[in-house]
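Visitor: Construct the entire structure; sequences and hints are all you get.
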Amino acid sequence: MLGKNCFRKIITSLTAFAILCVYSMVALAVPRDVTAEITVTGQVTVNGQAAISNSTIVSGSTIVTSANSSAVISLGKTGRVEVLEDSNLVLNFSASGIVGILSSGKARVSNAPGVAATITTKDATVIADAGQADTFLVEVECSHSHVDTATGIVTMREGASDRQVAAGTSATAGNLSQTGCKPCLRPNSAPPVPIGGWWVWLAAGGAAAVVVFLGLKNDDVRIGGHSIVVSPIR
Numbered sequence: 001m002l003g004k005n006c007f008r009k010i011i012t013s014l015t016a017f018a019i020l021c022v023y024s025m026v027a028l029a030v031p032r033d034v035t036a037e038i039t040v041t042g043q044v045t046v047n048g049q050a051a052i053s054n055s056t057i058v059s060g061s062t063i064v065t066s067a068n069s070s071a072v073i074s075l076g077k078t079g080r081v082e083v084l085e086d087s088n089l090v091l092n093f094s095a096s097g098i099v100g101i102l103s104s105g106k107a108r109v110s111n112a113p114g115v116a117a118t119i120t121t122k123d124a125t126v127i128a129d130a131g132q133a134d135t136f137l138v139e140v141e142c143s144h145s146h147v148d149t150a151t152g153i154v155t156m157r158e159g160a161s162d163r164q165v166a167a168g169t170s171a172t173a174g175n176l177s178q179t180g181c182k183p184c185l186r187p188n189s190a191p192p193v194p195i196g197g198w199w200v201w202l203a204a205g206g207a208a209a210v211v212v213f214l215g216l217k218n219d220d221v222r223i224g225g226h227s228i229v230v231s232p233i234r
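Under this note's numbering, the first residue of the sequence shown is numbered 1, with each subsequent residue one higher.
Think of the hints as simulated: they come from the structure by calculation, not from any bench. These numbers were taken from a predicted model, which means no experiment stands behind them. The reader is advised that the hints may include incorrect statements.
Within a straight-line C-alpha distance of at most 20 Å, the following computed EDC-like cross-link-like pairs (lysine to aspartate or glutamate) qualify [as the list claims (entries may be wrong)]:
1) Lys77 to Asp129
2) Lys122 to Glu158
3) Lys122 to Asp86
4) Lys122 to Asp162
5) Lys122 to Asp148
6) Lys77 to Glu37
7) Lys122 to Glu85
Guide: Shown next as structure tokens:
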């Protein structure tokens with residue numbers, strides 16, 4: 001009898017241990033929310049709520065910055081994302097990836113080697129080279145989007161076209177000639193302004209005639225015979 005009780009206790013203990021191991025494995029397999037720390041300057045909201053510095057945000061959050069405001073999202077070893085003023089960014093992140101949807105404004109991304117980083121705008125998708133550390137700025141304008149690469153290399157994908165943007169270079173996607181948009185002050189990023197038409201030359205000629213007339217009048221020109229005498233007395 002004693003031997004049977006000992007045997008049952010051993011079996012029960014082993015069963016309990018096996019169940020504990022199974023539950024532990026299941027618990028470890030459940031994905032945990034990855035959090036990041038945000039630092040704000042000025043007025044910044046996260047998911048519609050005012051954000052404060054050193055608070056945590058979760059993947060999938062929407063970060064909106066006002067004028068003269070910015071936010072820096074620190075992702076630890078993964079990298080960091082800076083949302084500049086007047087911007088709207090939906091940010092997803094994990095230990096191995098950074099994915100953002102930039103609706104307006106600017107976002108600067110830095111990813112560590114081995115971390116995939118992608119920012120999508122209305123015009124293109126910017127994909128960082130996961131094999132190295134990259135730092136790049138994506139900006140959304142009314143008529144187009146552009147990327148500036150500081151370090152590493154990224155690919156700007158516009159439809160079926162891919163363009164590699166190495167460190168120190170930039171690329172633009174979209175329709176620069178779209179009407180109704182404010183002029184872009186970036187070099188070589190706005191269509192040339194046409195100069196011409198008969199009315200332009202007519203106005204220029206009229207302005208030149210007025211200048212000549214005023215100059216002659218001020219010099220008190222006297223015309224007599226075949227010579228022009230300019231009075232020395234004003």
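Visitor: Evaluate each hint against the coordinates.
Guide: Each hint, compared with the structure:
Taking the CA atoms of Lys77 and Asp129, the gap is about 17 Å. The hint holds against a cut of 20 Å. Proposed proximity of Lys122 and Glu158 is supported: the alpha carbons are some 10 Å apart, at most 20 Å. For the hint pairing Lys122 with Asp86, the CA-to-CA distance comes to about 16 Å; that is within 20 Å, so the pair holds. Of the pairs offered as hints, the one joining Lys122 and Asp162 holds, with about 16 Å between alpha carbons and a cut-off of 20 Å not exceeded.
Of the pairs offered as hints, the one joining Lys122 and Asp148 holds, with about 17 Å between alpha carbons and a cut-off of 20 Å not exceeded. Our distance criterion of 20 Å between C-alpha atoms is met by Lys77 and Glu37, whose separation comes to about 12 Å. A distance of roughly 19 Å separates the Cα atoms of Lys122 and Glu85; the hinted pair therefore holds under the 20 Å criterion.
In this structure, none of the earlier numbered hints is contradicted; all agree with it.
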